[in-house]
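Work the whole structure out from these sequences, hints included.
If you want this note's numbering, it's the position in the sequence shown, counting the first as 1, plus 1.
Since the hints were made in silico from the structure, they are not lab data. Take the hints with a grain of salt, since some may be wrong.
Here are the simulated BS3-like pairs of lysine-lysine, each with C-alpha atoms no more than 27 Å apart in a straight line [stated by the list, open to error]:
(1) Lys-264 with Lys-426
(2) Lys-84 with Lys-102
(3) Lys-81 with Lys-135
(4) Lys-76 with Lys-293
(5) Lys-225 with Lys-239
(6) Lys-99 with Lys-166
(7) Lys-239 with Lys-293
(8) Lys-426 with Lys-81
(9) Lys-133 with Lys-81
(10) Lys-3 with Lys-99
(11) Lys-135 with Lys-166
(12) Lys-76 with Lys-62
(13) Lys-50 with Lys-81
(14) Lys-99 with Lys-136
(15) Lys-239 with Lys-81
(16) Lys-3 with Lys-29
(17) Lys-264 with Lys-293
(18) Lys-94 with Lys-136
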Amino acid sequence: MKLTINTSFSASTSSQSLFILVDSENAKQAQETYKINDLNSIIEDTQFKASLNETLPLIGKLTQVTQCTLVGIDKASEIKAAKLAKIAQTIIKASQKKFQKISIDISALPTELHYLFALNLTQAAYAYDEFKSKKNEFTLENIEFIATQSSLTAEQITLIEAVQKGQNFARDLGNCPPNICFPEYLAEQARALAAEFPELLQVTVLEEQQLADLGMHAFLAVSKGSDRPGRVITLEYKANPDQAPIVLVGKGVTFDTGGISLKPGLGMDEMKFDMCGSASVLGTIRALCEAKLPIHVVGAIAAAENMPSGHATRPGDIVTTMSGQTVEILNTDAEGRLVLCDTLTYIKRFNPALVIDIATLTGACVVALGSVVSGLFTPDDELAEEITAAGHTAFDRVWRMPVYDDYQEQLDSPFADIANIGGPKAGAVTAACFLQRFTRDYRWAHLDIAGTAWNSGANKGATGRPVPLLMQLIANRVQKNG
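Put into C-alpha coordinates, the structure is as follows:
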(Lines of atoms letter the chains of each structure in order from A and count residues from 1; the text may use other names and numbers.)
(Lines give C-alpha, C1' and ligand atoms only; values in the text may rest on other atoms or scores of the structure.)
Protein backbone atom coordinates (compact mmCIF):
# COMPACT_ATOMS: atom_id res chain seq x y z
CA MET A 1 0.00 0.00 0.00
CA LYS A 2 1.43 3.38 -1.06
CA LEU A 3 0.66 6.26 1.33
CA THR A 4 0.91 10.02 0.72
CA ILE A 5 -0.22 13.12 2.58
CA ASN A 6 -1.34 16.57 1.33
CA THR A 7 -2.84 19.65 2.93
CA SER A 8 -5.81 19.86 0.54
CA PHE A 9 -7.82 17.81 -1.92
CA SER A 10 -6.59 18.62 -5.43
CA ALA A 11 -8.98 19.53 -8.20
CA SER A 12 -6.92 17.33 -10.53
CA THR A 13 -6.84 14.34 -8.20
CA SER A 14 -6.56 10.79 -9.48
CA SER A 15 -8.47 9.50 -6.46
CA GLN A 16 -11.67 7.67 -7.26
CA SER A 17 -13.29 8.18 -3.88
CA LEU A 18 -13.02 10.61 -0.97
CA PHE A 19 -13.74 9.66 2.64
CA ILE A 20 -14.14 12.53 5.11
CA LEU A 21 -13.84 11.85 8.83
CA VAL A 22 -16.49 13.86 10.66
CA ASP A 23 -16.53 15.09 14.25
CA SER A 24 -20.04 14.71 15.71
CA GLU A 25 -19.65 18.11 17.41
CA ASN A 26 -18.79 19.78 14.12
CA ALA A 27 -20.55 17.71 11.47
CA LYS A 28 -21.07 20.66 9.16
CA GLN A 29 -17.35 21.43 8.82
CA ALA A 30 -17.26 19.35 5.64
CA GLN A 31 -19.68 21.83 4.05
CA GLU A 32 -17.31 24.70 4.66
CA THR A 33 -14.26 22.82 3.41
CA TYR A 34 -15.67 21.08 0.35
CA LYS A 35 -18.70 23.24 -0.56
CA ILE A 36 -20.82 20.11 -0.91
CA ASN A 37 -24.18 20.89 -2.46
CA ASP A 38 -27.08 20.83 0.03
CA LEU A 39 -24.93 19.02 2.66
CA ASN A 40 -26.60 20.64 5.65
CA SER A 41 -30.06 19.62 4.48
CA ILE A 42 -28.83 16.10 3.60
CA ILE A 43 -27.44 15.72 7.11
CA GLU A 44 -30.73 16.87 8.59
CA ASP A 45 -32.87 14.71 6.29
CA THR A 46 -30.83 11.54 6.92
CA GLN A 47 -30.39 12.24 10.65
CA PHE A 48 -26.65 11.72 10.24
CA LYS A 49 -25.14 12.18 13.71
CA ALA A 50 -21.51 11.29 12.86
CA SER A 51 -21.54 8.65 15.56
CA LEU A 52 -18.64 6.22 15.55
CA ASN A 53 -18.41 4.41 12.20
CA GLU A 54 -21.68 5.89 10.92
CA THR A 55 -21.42 6.56 7.21
CA LEU A 56 -23.22 8.89 4.82
CA PRO A 57 -22.59 8.26 1.09
CA LEU A 58 -22.71 11.34 -1.13
CA ILE A 59 -22.82 10.57 -4.86
CA GLY A 60 -22.14 13.31 -7.38
CA LYS A 61 -21.97 16.08 -4.79
CA LEU A 62 -18.32 17.05 -5.42
CA THR A 63 -16.87 18.33 -8.66
CA GLN A 64 -13.44 16.71 -8.04
CA VAL A 65 -14.70 13.18 -7.43
CA THR A 66 -17.96 11.29 -7.96
CA GLN A 67 -17.82 9.10 -4.86
CA CYS A 68 -17.69 10.75 -1.44
CA THR A 69 -18.52 9.32 1.99
CA LEU A 70 -18.73 10.99 5.37
CA VAL A 71 -17.47 8.72 8.17
CA GLY A 72 -18.39 9.56 11.75
CA ILE A 73 -15.78 9.45 14.51
CA ASP A 74 -18.17 10.61 17.28
CA LYS A 75 -16.60 13.33 19.48
CA ALA A 76 -13.08 13.90 18.16
CA SER A 77 -11.95 15.19 21.55
CA GLU A 78 -12.90 11.88 23.17
CA ILE A 79 -11.92 9.30 20.54
CA LYS A 80 -9.59 6.57 21.77
CA ALA A 81 -6.90 4.75 19.84
CA ALA A 82 -8.76 1.45 20.27
CA LYS A 83 -11.64 2.77 18.09
CA LEU A 84 -9.47 3.64 15.09
CA ALA A 85 -9.21 0.06 13.82
CA LYS A 86 -12.99 -0.15 13.33
CA ILE A 87 -13.05 3.07 11.32
CA ALA A 88 -10.14 1.82 9.21
CA GLN A 89 -11.90 -1.47 8.57
CA THR A 90 -15.06 0.33 7.43
CA ILE A 91 -13.13 2.43 4.90
CA ILE A 92 -11.06 -0.46 3.57
CA LYS A 93 -14.09 -2.74 3.24
CA ALA A 94 -15.95 -0.07 1.28
CA SER A 95 -13.09 0.62 -1.12
CA GLN A 96 -10.79 -2.39 -1.38
CA LYS A 97 -12.54 -4.04 -4.32
CA LYS A 98 -13.74 -0.86 -6.06
CA PHE A 99 -10.94 1.69 -6.28
CA GLN A 100 -7.23 1.82 -6.98
CA LYS A 101 -6.73 5.09 -5.13
CA ILE A 102 -8.74 6.80 -2.42
CA SER A 103 -8.32 9.97 -0.40
CA ILE A 104 -9.17 10.30 3.29
CA ASP A 105 -9.58 13.68 4.96
CA ILE A 106 -8.29 13.14 8.50
CA SER A 107 -8.42 16.78 9.57
CA ALA A 108 -11.13 16.03 12.17
CA LEU A 109 -8.94 13.42 13.84
CA PRO A 110 -6.59 14.61 16.61
CA THR A 111 -3.12 14.92 15.06
CA GLU A 112 -1.53 12.61 17.62
CA LEU A 113 -3.67 9.77 16.20
CA HIS A 114 -2.76 10.26 12.54
CA TYR A 115 0.19 7.84 12.60
CA LEU A 116 -1.79 5.10 14.28
CA PHE A 117 -4.79 5.53 11.97
CA ALA A 118 -2.53 5.20 8.92
CA LEU A 119 -1.05 2.03 10.42
CA ASN A 120 -4.55 0.68 11.12
CA LEU A 121 -5.54 1.17 7.48
CA THR A 122 -2.62 -0.91 6.26
CA GLN A 123 -3.48 -3.63 8.78
CA ALA A 124 -7.14 -3.67 7.71
CA ALA A 125 -6.14 -4.15 4.06
CA TYR A 126 -4.71 -7.65 4.71
CA ALA A 127 -6.32 -10.87 3.49
CA TYR A 128 -5.01 -14.40 2.98
CA ASP A 129 -6.16 -16.34 -0.08
CA GLU A 130 -3.11 -18.47 -0.92
CA PHE A 131 -5.09 -21.72 -0.85
CA LYS A 132 -8.42 -20.38 -2.12
CA SER A 133 -9.49 -21.36 -5.63
CA LYS A 134 -11.12 -17.96 -6.04
CA LYS A 135 -8.71 -15.17 -5.20
CA ASN A 136 -9.63 -11.84 -3.64
CA GLU A 137 -10.19 -9.19 -6.27
CA PHE A 138 -8.53 -6.34 -4.40
CA THR A 139 -7.61 -3.26 -6.39
CA LEU A 140 -6.75 -0.65 -3.72
CA GLU A 141 -3.10 0.38 -4.02
CA ASN A 142 -2.87 4.01 -2.93
CA ILE A 143 -4.21 6.05 -0.03
CA GLU A 144 -3.84 9.82 0.08
CA PHE A 145 -4.36 11.56 3.41
CA ILE A 146 -5.74 15.08 3.49
CA ALA A 147 -5.01 17.19 6.59
CA THR A 148 -4.63 20.91 7.13
CA GLN A 149 -2.31 20.01 10.02
CA SER A 150 -0.70 16.65 10.72
CA SER A 151 2.03 15.08 12.80
CA LEU A 152 2.49 12.47 10.07
CA THR A 153 5.95 12.82 8.49
CA ALA A 154 7.51 11.30 5.39
CA GLU A 155 9.77 9.21 7.66
CA GLN A 156 6.73 7.87 9.53
CA ILE A 157 4.99 6.98 6.27
CA THR A 158 8.09 5.08 5.16
CA LEU A 159 8.10 3.23 8.47
CA ILE A 160 4.37 2.37 8.19
CA GLU A 161 4.84 0.99 4.67
CA ALA A 162 7.76 -1.14 5.90
CA VAL A 163 5.79 -2.37 8.93
CA GLN A 164 2.91 -3.34 6.64
CA LYS A 165 5.15 -5.49 4.48
CA GLY A 166 6.76 -7.11 7.52
CA GLN A 167 3.49 -7.66 9.36
CA ASN A 168 1.82 -9.11 6.25
CA PHE A 169 4.79 -11.47 5.82
CA ALA A 170 4.40 -12.61 9.43
CA ARG A 171 0.66 -13.12 8.96
CA ASP A 172 1.19 -15.11 5.76
CA LEU A 173 3.64 -17.40 7.54
CA GLY A 174 1.33 -17.85 10.51
CA ASN A 175 -1.67 -18.64 8.30
CA CYS A 176 0.25 -21.10 6.15
CA PRO A 177 -0.89 -24.72 6.81
CA PRO A 178 1.49 -26.96 8.77
CA ASN A 179 1.92 -29.46 5.93
CA ILE A 180 3.54 -26.60 3.99
CA CYS A 181 5.11 -24.56 6.77
CA PHE A 182 7.53 -26.81 8.64
CA PRO A 183 11.08 -26.06 9.93
CA GLU A 184 12.86 -26.33 6.57
CA TYR A 185 10.18 -24.12 4.99
CA LEU A 186 11.06 -21.37 7.48
CA ALA A 187 14.71 -21.84 6.55
CA GLU A 188 13.78 -21.47 2.87
CA GLN A 189 11.87 -18.26 3.64
CA ALA A 190 14.93 -16.87 5.42
CA ARG A 191 17.18 -17.75 2.50
CA ALA A 192 14.74 -16.16 0.03
CA LEU A 193 14.70 -12.98 2.11
CA ALA A 194 18.51 -12.87 2.09
CA ALA A 195 18.50 -13.35 -1.69
CA GLU A 196 16.13 -10.37 -1.98
CA PHE A 197 18.33 -8.17 0.23
CA PRO A 198 21.86 -9.61 -0.20
CA GLU A 199 23.60 -6.39 0.83
CA LEU A 200 21.75 -6.29 4.16
CA LEU A 201 21.18 -9.88 5.27
CA GLN A 202 23.31 -12.89 6.11
CA VAL A 203 21.51 -16.15 6.88
CA THR A 204 22.84 -19.25 8.64
CA VAL A 205 20.86 -22.48 9.00
CA LEU A 206 21.97 -25.09 11.53
CA GLU A 207 20.83 -28.67 10.94
CA GLU A 208 20.27 -31.30 13.62
CA GLN A 209 23.76 -32.82 13.53
CA GLN A 210 25.24 -29.37 14.04
CA LEU A 211 22.82 -28.78 16.91
CA ALA A 212 23.90 -32.06 18.49
CA ASP A 213 27.56 -31.10 18.10
CA LEU A 214 26.81 -27.84 19.95
CA GLY A 215 25.11 -29.73 22.78
CA MET A 216 21.61 -28.36 22.09
CA HIS A 217 19.89 -31.43 23.51
CA ALA A 218 16.87 -29.57 24.94
CA PHE A 219 16.05 -28.37 21.42
CA LEU A 220 16.58 -31.86 20.00
CA ALA A 221 14.34 -33.38 22.69
CA VAL A 222 11.47 -31.59 20.92
CA SER A 223 12.43 -32.04 17.27
CA LYS A 224 13.40 -35.73 17.43
CA GLY A 225 9.78 -36.90 17.66
CA SER A 226 9.07 -35.60 14.16
CA ASP A 227 10.10 -36.92 10.75
CA ARG A 228 10.69 -33.28 9.82
CA PRO A 229 14.06 -32.23 11.28
CA GLY A 230 14.45 -29.10 13.35
CA ARG A 231 16.45 -26.03 12.34
CA VAL A 232 18.01 -23.06 14.12
CA ILE A 233 18.03 -20.16 11.69
CA THR A 234 19.82 -16.84 12.15
CA LEU A 235 19.32 -13.74 10.01
CA GLU A 236 21.85 -10.98 10.61
CA TYR A 237 20.71 -7.53 9.46
CA LYS A 238 23.96 -5.65 8.98
CA ALA A 239 23.02 -2.06 8.19
CA ASN A 240 25.30 -0.96 11.05
CA PRO A 241 27.46 -4.01 11.84
CA ASP A 242 29.85 -2.22 14.20
CA GLN A 243 27.07 -1.94 16.81
CA ALA A 244 26.35 -4.61 19.39
CA PRO A 245 23.13 -6.09 17.98
CA ILE A 246 19.60 -6.32 19.21
CA VAL A 247 18.82 -10.05 19.02
CA LEU A 248 15.25 -11.22 18.46
CA VAL A 249 14.63 -14.90 19.24
CA GLY A 250 11.43 -16.47 17.92
CA LYS A 251 9.76 -19.70 18.94
CA GLY A 252 9.08 -21.59 15.72
CA VAL A 253 7.15 -24.73 16.64
CA THR A 254 5.50 -25.22 13.27
CA PHE A 255 2.94 -27.62 14.72
CA ASP A 256 2.47 -28.52 18.35
CA THR A 257 0.59 -31.72 19.11
CA GLY A 258 1.94 -31.63 22.64
CA GLY A 259 4.10 -34.66 21.90
CA ILE A 260 3.57 -37.64 24.21
CA SER A 261 1.70 -35.22 26.54
CA LEU A 262 -0.87 -35.03 23.75
CA LYS A 263 -3.20 -32.04 23.48
CA PRO A 264 -6.99 -32.47 23.21
CA GLY A 265 -8.21 -32.76 19.64
CA LEU A 266 -10.62 -29.81 19.79
CA GLY A 267 -8.94 -26.73 18.37
CA MET A 268 -5.65 -28.49 17.70
CA ASP A 269 -5.65 -27.08 14.15
CA GLU A 270 -4.75 -23.73 15.69
CA MET A 271 -1.45 -25.18 16.86
CA LYS A 272 -0.08 -24.28 13.43
CA PHE A 273 0.10 -20.78 14.97
CA ASP A 274 2.67 -21.96 17.52
CA MET A 275 5.38 -20.63 15.20
CA CYS A 276 4.06 -17.06 15.26
CA GLY A 277 7.01 -15.92 17.39
CA SER A 278 9.36 -16.92 14.60
CA ALA A 279 7.00 -15.39 12.03
CA SER A 280 7.22 -12.06 13.88
CA VAL A 281 11.02 -12.24 13.80
CA LEU A 282 11.02 -12.87 10.04
CA GLY A 283 8.44 -10.11 9.61
CA THR A 284 10.52 -7.64 11.61
CA ILE A 285 13.65 -8.48 9.61
CA ARG A 286 11.73 -7.93 6.37
CA ALA A 287 10.41 -4.60 7.65
CA LEU A 288 13.95 -3.56 8.59
CA CYS A 289 15.17 -4.40 5.09
CA GLU A 290 12.34 -2.36 3.57
CA ALA A 291 12.95 0.63 5.87
CA LYS A 292 16.76 0.28 5.74
CA LEU A 293 17.12 1.52 9.31
CA PRO A 294 20.82 2.01 10.27
CA ILE A 295 21.05 -0.52 13.08
CA HIS A 296 22.42 -4.00 13.78
CA VAL A 297 19.77 -6.66 14.45
CA VAL A 298 19.99 -10.45 14.56
CA GLY A 299 16.93 -12.65 14.22
CA ALA A 300 17.18 -16.20 15.56
CA ILE A 301 14.49 -18.81 14.95
CA ALA A 302 14.11 -22.04 16.88
CA ALA A 303 12.16 -24.13 14.36
CA ALA A 304 10.85 -27.58 15.29
CA GLU A 305 7.75 -29.73 15.05
CA ASN A 306 6.46 -31.33 18.27
CA MET A 307 5.08 -34.77 17.39
CA PRO A 308 4.42 -38.07 19.22
CA SER A 309 6.33 -41.08 17.89
CA GLY A 310 8.61 -43.91 18.95
CA HIS A 311 11.46 -41.40 18.88
CA ALA A 312 9.66 -38.73 20.91
CA THR A 313 10.74 -37.55 24.33
CA ARG A 314 8.90 -39.13 27.27
CA PRO A 315 7.73 -37.33 30.43
CA GLY A 316 10.51 -37.95 32.94
CA ASP A 317 13.38 -37.81 30.44
CA ILE A 318 16.37 -35.69 31.45
CA VAL A 319 18.45 -33.76 28.91
CA THR A 320 21.53 -31.55 29.10
CA THR A 321 21.13 -28.11 27.59
CA MET A 322 23.78 -26.19 25.65
CA SER A 323 24.42 -24.16 28.82
CA GLY A 324 25.27 -27.34 30.74
CA GLN A 325 22.17 -27.17 32.94
CA THR A 326 20.12 -30.36 33.06
CA VAL A 327 16.35 -30.36 32.59
CA GLU A 328 13.79 -32.94 33.68
CA ILE A 329 11.03 -32.89 31.08
CA LEU A 330 7.86 -33.47 33.08
CA ASN A 331 5.52 -32.38 30.30
CA THR A 332 6.40 -32.62 26.60
CA ASP A 333 3.79 -29.97 25.85
CA ALA A 334 6.00 -27.41 27.59
CA GLU A 335 8.26 -27.62 24.57
CA GLY A 336 8.64 -23.98 23.59
CA ARG A 337 10.92 -23.23 26.51
CA LEU A 338 13.09 -26.23 25.52
CA VAL A 339 13.78 -25.02 21.97
CA LEU A 340 14.19 -21.46 23.23
CA CYS A 341 16.61 -22.14 26.10
CA ASP A 342 19.27 -23.64 23.82
CA THR A 343 18.75 -20.90 21.22
CA LEU A 344 19.09 -18.24 23.94
CA THR A 345 22.42 -19.82 24.87
CA TYR A 346 23.53 -20.06 21.23
CA ILE A 347 22.99 -16.36 20.48
CA LYS A 348 25.49 -15.27 23.14
CA ARG A 349 28.11 -15.53 20.38
CA PHE A 350 26.68 -12.33 18.85
CA ASN A 351 27.58 -10.33 22.01
CA PRO A 352 24.11 -8.77 22.09
CA ALA A 353 23.26 -5.35 23.49
CA LEU A 354 19.77 -6.66 24.12
CA VAL A 355 17.83 -9.90 23.62
CA ILE A 356 14.06 -10.19 23.24
CA ASP A 357 12.45 -13.58 22.80
CA ILE A 358 8.97 -13.79 21.32
CA ALA A 359 6.88 -16.89 21.87
CA THR A 360 3.35 -18.28 21.96
CA LEU A 361 4.53 -19.83 25.21
CA THR A 362 1.68 -20.42 27.67
CA GLY A 363 -2.05 -20.80 27.87
CA ALA A 364 -1.68 -19.29 31.33
CA CYS A 365 -0.81 -15.94 29.74
CA VAL A 366 -4.03 -16.09 27.71
CA VAL A 367 -5.99 -16.69 30.93
CA ALA A 368 -4.23 -13.78 32.63
CA LEU A 369 -4.29 -11.18 29.83
CA GLY A 370 -6.67 -12.40 27.14
CA SER A 371 -6.05 -11.27 23.57
CA VAL A 372 -5.65 -7.53 24.16
CA VAL A 373 -2.07 -7.22 25.38
CA SER A 374 1.02 -9.44 25.25
CA GLY A 375 2.79 -10.47 28.42
CA LEU A 376 6.11 -8.73 29.08
CA PHE A 377 8.63 -10.33 31.42
CA THR A 378 11.98 -8.77 32.28
CA PRO A 379 13.95 -8.02 35.43
CA ASP A 380 15.16 -4.78 33.76
CA ASP A 381 12.95 -1.80 34.73
CA GLU A 382 14.43 0.54 32.13
CA LEU A 383 13.97 -2.00 29.36
CA ALA A 384 10.39 -2.68 30.49
CA GLU A 385 9.59 1.04 30.20
CA GLU A 386 11.19 1.22 26.75
CA ILE A 387 9.20 -1.73 25.39
CA THR A 388 5.97 -0.53 27.00
CA ALA A 389 6.36 2.93 25.47
CA ALA A 390 6.98 1.48 22.00
CA GLY A 391 3.89 -0.69 22.41
CA HIS A 392 1.73 2.33 23.21
CA THR A 393 3.00 4.24 20.16
CA ALA A 394 2.30 1.33 17.81
CA PHE A 395 -0.86 0.30 19.73
CA ASP A 396 0.69 -3.15 20.02
CA ARG A 397 0.58 -3.10 23.77
CA VAL A 398 2.17 -5.18 26.50
CA TRP A 399 1.59 -5.63 30.22
CA ARG A 400 4.49 -6.29 32.54
CA MET A 401 4.39 -9.48 34.59
CA PRO A 402 6.78 -10.53 37.38
CA VAL A 403 9.90 -12.67 37.10
CA TYR A 404 10.74 -12.66 40.80
CA ASP A 405 13.26 -15.16 42.13
CA ASP A 406 10.57 -16.33 44.57
CA TYR A 407 8.95 -18.25 41.71
CA GLN A 408 12.11 -20.15 40.79
CA GLU A 409 11.66 -22.78 43.48
CA GLN A 410 8.54 -24.02 41.67
CA LEU A 411 10.92 -25.31 38.98
CA ASP A 412 13.02 -27.40 41.36
CA SER A 413 13.51 -31.04 40.39
CA PRO A 414 14.73 -33.88 42.63
CA PHE A 415 16.57 -35.43 39.67
CA ALA A 416 17.89 -32.55 37.52
CA ASP A 417 18.93 -28.93 37.84
CA ILE A 418 15.53 -27.74 36.72
CA ALA A 419 12.09 -29.06 35.73
CA ASN A 420 10.43 -27.79 32.58
CA ILE A 421 7.14 -26.97 34.35
CA GLY A 422 6.40 -25.38 37.69
CA GLY A 423 2.97 -26.70 38.59
CA PRO A 424 -0.48 -25.16 38.14
CA LYS A 425 0.25 -21.78 39.73
CA ALA A 426 1.54 -18.78 37.76
CA GLY A 427 2.28 -20.83 34.65
CA ALA A 428 3.25 -17.87 32.46
CA VAL A 429 5.57 -16.57 35.19
CA THR A 430 7.34 -19.87 35.81
CA ALA A 431 7.82 -20.33 32.05
CA ALA A 432 9.54 -16.93 31.94
CA CYS A 433 11.57 -17.84 35.03
CA PHE A 434 12.74 -21.00 33.25
CA LEU A 435 14.00 -18.91 30.32
CA GLN A 436 15.61 -16.40 32.67
CA ARG A 437 18.03 -19.09 33.85
CA PHE A 438 19.57 -19.06 30.37
CA THR A 439 19.78 -15.27 29.96
CA ARG A 440 21.93 -14.13 32.91
CA ASP A 441 24.73 -12.84 30.66
CA TYR A 442 22.81 -10.11 28.81
CA ARG A 443 19.86 -7.71 28.98
CA TRP A 444 16.75 -9.73 28.27
CA ALA A 445 13.00 -9.50 27.88
CA HIS A 446 10.43 -12.16 27.07
CA LEU A 447 7.18 -11.51 25.20
CA ASP A 448 4.47 -14.14 25.65
CA ILE A 449 2.19 -13.63 22.65
CA ALA A 450 0.00 -16.71 23.14
CA GLY A 451 -3.10 -14.51 23.39
CA THR A 452 -2.23 -11.92 20.73
CA ALA A 453 -0.54 -13.84 17.90
CA TRP A 454 -3.77 -15.03 16.29
CA ASN A 455 -7.54 -14.68 16.40
CA SER A 456 -9.93 -17.61 16.73
CA GLY A 457 -13.53 -17.91 15.57
CA ALA A 458 -15.02 -16.38 12.44
CA ASN A 459 -12.01 -14.11 11.92
CA LYS A 460 -9.45 -16.86 12.53
CA GLY A 461 -5.99 -15.91 11.43
CA ALA A 462 -2.57 -14.64 12.42
CA THR A 463 -2.33 -11.01 13.57
CA GLY A 464 1.34 -10.41 12.80
CA ARG A 465 1.86 -9.06 16.29
CA PRO A 466 4.26 -7.97 17.70
CA VAL A 467 5.94 -6.75 14.47
CA PRO A 468 4.59 -3.18 14.98
CA LEU A 469 5.91 -3.13 18.56
CA LEU A 470 9.35 -4.49 17.62
CA MET A 471 9.75 -2.10 14.70
CA GLN A 472 8.70 0.86 16.85
CA LEU A 473 11.21 -0.18 19.52
CA ILE A 474 13.99 -0.42 16.95
CA ALA A 475 12.99 2.86 15.25
CA ASN A 476 13.00 4.61 18.62
CA ARG A 477 16.53 3.36 19.26
CA VAL A 478 17.69 4.58 15.86
CA GLN A 479 16.19 8.01 16.54
CA LYS A 480 17.69 8.14 20.03
CA ASN A 481 21.16 7.28 18.74
CA GLY A 482 20.88 9.94 16.07
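Hints numbered earlier in the text: which of these fail when held up against the supplied structure? The structure breaks hints 3, 4, 5, 8, 9, 15, 16 and 17; every other hint is satisfied.
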